[in-house]
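Chemist: Please put together the full structure from these sequences, using the hints given.
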Amino acid sequence: AQKVTQAQTEISVVEKEDVTLDCVYETRDTTYYLFWYKQPPSGELVFLIRRNSFDEQNEISGRYSWNFQKSTSSFNFTITASQVVDSAVYFCALIPIYNQGGKLIFGQGTELSVKP
Amino acid sequence: DTEVTQTPKHLVMGMTNKKSLKCEQHMGHRAMYWYKQKAKKPPELMFVYSYEKLSINESVPSRFSPECPNSSLLNLHLHALQPEDSALYLCASSQAGGTGSLYEQYFGPGTRLTVT
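If you're matching them up, the sequences are chains A and B in order. Going by my numbering, 73 is the number at position 73 of the first sequence; the sequence numbering is gapless. Going by my numbering, 63 is the number at position 63 of the second sequence; the sequence numbering is gapless.
Since the hints were derived computationally from the structure, they do not count as laboratory data. Just so it is clear, CB atoms sit at the ideal spot from N, CA and C, and this is done for glycine as well. Errors might be hidden in some of the hints.
Derived Cβ-Cβ restraints for the label pairs, each shown as a range [said to hold, decoys possible]: (1) Ser-42/A x Ala-80/B: 40 to 50 Å; (2) Ala-81/A x Pro-69/B: 43 to 53 Å; (3) Gln-82/B x Gln-108/A: 18 to 28 Å; (4) Val-14/A x Ala-39/B: 18 to 28 Å; (5) Val-46/A x Ser-65/B: 27 to 37 Å.
Modeler: The structure is reproduced here in structure tokens:
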């Protein structure tokens, strides 16, 4: 089965708190790509990161960091010192190598609310 | 320039109307996508065009008719829609691949469609 699970439906934090969004995936393929997208209330999905299955190095981009662990099939996303502008729905997604034309397999999304 | 534009932003149509959604990208991408997104759900893939040819149709009803006039443009023609077709329609583009794109998709802001 090819599946992405984001168990946290909604998270609410106060500004400046750190928050981690969990993503667990299932795939039978040994080569695959993982993604995170942000969807603010305006509706547009914003691409954040793409990671291939052979690269388990963690990535940091400003206040954002990603922890990829193949052993637990997880690709978690941490926002450090959260800000109100981080409020959005965040989607984790998967494309297996034999991917039927680029079909993103999305998780159900985590709605993050950052309160001032 | 990572921009995908979509027009119109909002559309209200009756069940007997015919309308079209438009999408444009100037990133030189050769894969383009239509998604449908209902509230509180992840996007659902509808169609994929690769090198201006339809490569995936996710069993979408024929009242939705896609068209790719050239490598920069993607249209979605709508006819005899039902109220349950009301949703956010998102267009995306990406670099194309051989057996399908493994690259990140860049999304437009979407068209919010209401069928009355």
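Chemist: For every hint, state whether the structure bears it out.
Modeler: Tested hints:
At about 30 Å, the CB distance of Ser-42/A to Ala-80/B disagrees with the hint of 40 to 50 Å. A C-beta distance of roughly 46 Å is found between Ala-81/A and Pro-69/B, which places it inside the suggested range of 43 to 53 Å. For Gln-82/B and Gln-108/A, the Cβ-Cβ distance of about 24 Å falls inside the hinted range of 18 to 28 Å, so the restraint holds. Distance hint check for Val-14/A and Ala-39/B: the Cβ-Cβ separation is about 26 Å, which falls inside the suggested range of 18 to 28 Å.
Restraint check, Val-46/A to Ser-65/B: a C-beta distance of roughly 29 Å satisfies the suggested window 27 to 37 Å.
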